[in-house]
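Participant: Using the hints provided, position chains U, W and P relative to the given structure of chain A.
Chains as they are written, first to last, in the working numbering: chain A, 1 to 174; chain U, 1001 to 1174; chain W, 2001 to 2174; chain P, 3001 to 3174.
It is worth saying that the hints were derived from the structure and are not from the lab. Virtual Cβ for every residue (Gly too), placed ideally from N, Cα, C. Any given hint could turn out to be false.
If you want a taste of the chain W side facing chain U, the calculated C-beta under 7 Å gives, among others [claimed, not checked]:
| # | residue |
| --- | --- |
| 1 | PRO2041 |
| 2 | MET2044 |
| 3 | HIS2049 |
| 4 | ILE2055 |
| 5 | LEU2062 |
| 6 | SER2095 |
| 7 | GLU2102 |
Computed cross-link-like contacts, DSSO-like style, restricted to lysine-lysine with a CA-CA straight-line distance of at most 27 Å [unchecked claim]:
| # | chain 1 | residue 1 | chain 2 | residue 2 |
| --- | --- | --- | --- | --- |
| 8 | A | LYS138 | A | LYS119 |
| 9 | W | LYS2018 | W | LYS2119 |
| 10 | A | LYS10 | A | LYS119 |
| 11 | A | LYS138 | W | LYS2050 |
| 12 | W | LYS2119 | A | LYS119 |
| 13 | U | LYS1050 | W | LYS2010 |
| 14 | W | LYS2050 | U | LYS1024 |
There are 4 protein chains.
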Amino acid sequence: MAEAMLVGVKELGFDQAKLIECDKVMAQDFIDADAIIIGTPVKMGGIDHKLKAMIDTVMASLWIEDEIVGKVAGCFATGGGFGKAGAGVEVTMISLANVLLEMGLVYVPLPKNTVGFDKGGLQWGAYALSANENMCPKEISVDSLNVAKTHAQNIVRVASCVSQYRPFMNNRIA
Amino acid sequence: MAEAMLVGVKELGFDQAKLIECDKVMAQDFIDADAIIIGTPVKMGGIDHKLKAMIDTVMASLWIEDEIVGKVAGCFATGGGFGKAGAGVEVTMISLANVLLEMGLVYVPLPKNTVGFDKGGLQWGAYALSANENMCPKEISVDSLNVAKTHAQNIVRVASCVSQYRPFMNNRIA
Amino acid sequence: MAEAMLVGVKELGFDQAKLIECDKVMAQDFIDADAIIIGTPVKMGGIDHKLKAMIDTVMASLWIEDEIVGKVAGCFATGGGFGKAGAGVEVTMISLANVLLEMGLVYVPLPKNTVGFDKGGLQWGAYALSANENMCPKEISVDSLNVAKTHAQNIVRVASCVSQYRPFMNNRIA
Amino acid sequence: MAEAMLVGVKELGFDQAKLIECDKVMAQDFIDADAIIIGTPVKMGGIDHKLKAMIDTVMASLWIEDEIVGKVAGCFATGGGFGKAGAGVEVTMISLANVLLEMGLVYVPLPKNTVGFDKGGLQWGAYALSANENMCPKEISVDSLNVAKTHAQNIVRVASCVSQYRPFMNNRIA
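Bound-form chain A, shown alone (with noise of 0.2 Å):
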């Protein structure tokens, strides 16, 4: 997924994107970038303990100091297996966006006119079934790598647009 996103990035032009391990990123990663997008495998029904571990560390540094407040971010999910819903992959994006709500972050949805919206889509970002019903690990489909390629490339564009106006500027607590 995150593979097809980076693909769709420097389709346009964005040479300097970037795919990070959440056990390597850095917070000057975050402050560098003007579009964030975070992804997880659904675990027990929320964020990978190992992402959650980078956000409460990393992120939490980049969140006390409001040091990313105004940047464009989404996200995206994998997952599967009882309950056809990939049961859990809402709990786990709302979690996603809670976070980087928190860290003041302007959110991209994933419409449902994007093309292969219904392979691979709910409107908190882009979501792939990376096993059956019966828990056998699948291929991610082409379709839904496609819904990320999309996804990945309409958080870009707004964050070209955003990061020119630094909208919450004029808020901020001196």
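Facilitator: This is chains U, W and P only, laid out in the frame that chain A set:
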């Protein structure tokens, strides 16, 4: 709350801003707007049924046709009473956000460095206590009204840049 | 769904079980019951406004007076369409659970080892797809109906033991 | 909070009750218990990553095997700081509830007629402010501790009746 928001938006020079009650708003009002802000009292831990009736009819018809995808939105709520936190305010705001994201709207958070955030803000938007812990109604505080005003201004500022770009247009299903 | 649940409960010998539509249910119906099951179609990612109107009036009056604290409850939903997952089904069920917990009701989950869970269950309760990915309505599957029936039986079994103990009674504010 | 809960449970005569930290708890501890209470500080609007690590490993293995289906559970959280509400406490508790329901556990709410509810309760469980609006840490109030104690007693009372019935046993997949 809504009136404070209207004042804030007009101060920025957006004279065409309108405050419309949920039983009077029409689909065309949404289509004409660049920014959409919806609010509700917390009722039984969720969206008031009168607002939900509007969502299930007016907004549902816009949703089916993808007519307001790519506009900018935010939300607010008032609550109070048992449980200090204005119990249910988060579920209510998540429900509002869920609707706004379903419509394909870019969602503007309320950053915690907003002046007065500690008196009337959640990451999901502006909120105000309209009752004490013991459920006695009380006036909404000036701090909460100021936060609401700033939140509306943030939303409109984001909208004024995003509306020029229509960032999702290339991705629409023809 | 509701009819399958009623059949299931009557099979267990609870002949006084009733199926009541949301615009006809009265406060006394809740007071008379040991177990309460509510369900809704997913409407714009949330509770249908007609059910919400009942919650905001009939259930709100019971809530204020703490009249049904300690009874047992569960929920179900039907959804479908865009996004395979029946997008919004989790937010909808969380909203229903939120209401039931506010009423002080013991909440019965749908365990994943329920026969047919993968066809019509979420941890929050029974759900069924009432439309395809492309929003064409479809009949609710037999599997989903069976899951709903089992879920209702579980709720009633929990209620039949909890109702004898009234476990919260000692803690009530006099 | 957890210590107040332990005192409450022991007062009811349940001497085998144990308080176990999340990095020390083992699968067998869950299997041996009739009632399970989990709690977390609100960290970045969600479950602390150290607790999530336990959920993703110890509880996940129990989940896969459906080993604790039909037991009884509840939760608590501590939070504080910006936004008065202990922003994120609802999302955190919904996330905890989501995990408990996934495990197939009967969920005990905190009824609003609990003495002290207005000082330390949400419908989802007991919570306490561990910091002021300006994020200065503060001691948890006696009221909040009393609510936690009562909540634990409610959970144990429900468990002591449900555990005799094993209400979901007939429905298990053989």
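Participant: Taking the least C-beta to C-beta distance, is PRO2041 of chain W closer than 7 Å to chain U?
Facilitator: violated (10 Å)
Participant: Verify the interface restraint on SER2095 of chain W: the C-beta must sit less than 7 Å from at least one C-beta of chain U.
Facilitator: For SER2095 of chain W, the interface hint holds, since the closest Cβ of chain U sits about 5 Å away, which is under 7 Å.
Participant: Could you grab the alpha-carbon distance between LYS2119 of chain W and LYS119 of chain A and see if it respects the 27 Å cut-off?
Facilitator: holds (18 Å)
Participant: Starting from LYS138 of chain A, check that the Cα of LYS119 of chain A is at most 27 Å away, please.
Facilitator: holds (15 Å)
Participant: Should the hint that HIS2049 of chain W touches chain U count as held when the rule is a Cβ pair under 7 Å?
Facilitator: Hint holds; HIS2049 of chain W Cβ to chain U Cβ min 4 Å, cut 7 Å.
Participant: Please verify whether LYS10 of chain A and LYS119 of chain A have alpha carbons no more than 27 Å apart.
Facilitator: holds (23 Å)
Participant: CA of LYS138 of chain A to CA of LYS2050 of chain W, is that 27 Å or under?
Facilitator: violated (40 Å)
Participant: Under 7 Å is the threshold here; is the Cβ of ILE2055 of chain W close enough to any Cβ of chain U for the hint to stand?
Facilitator: Constraint on ILE2055 of chain W satisfied, holds at 5 Å.
Participant: Using Cβ atoms only, decide whether MET2044 of chain W comes closer than 7 Å to chain U, and label the hint accordingly.
Facilitator: With Cβ-Cβ at 5 Å, under 7 Å, it holds.
Participant: Is LYS2018 of chain W within 27 Å of LYS2119 of chain W, Cα to Cα?
Facilitator: Distance ~26 Å between LYS2018 of chain W and LYS2119 of chain W Cα, so the pair holds.
Participant: Starting from LYS1050 of chain U, check that the Cα of LYS2010 of chain W is at most 27 Å away, please.
Facilitator: Between LYS1050 of chain U and LYS2010 of chain W the Cα gap is close to 36 Å, so the pair fails against 27 Å, i.e. violated.
Participant: Does GLU2102 of chain W hold up as a contact with chain U if the rule is Cβ-Cβ below 7 Å?
Facilitator: holds (5 Å)
When held up to the earlier numbered hints, the structure conflicts with 1, 5, 11 and 13 and fits the remainder.
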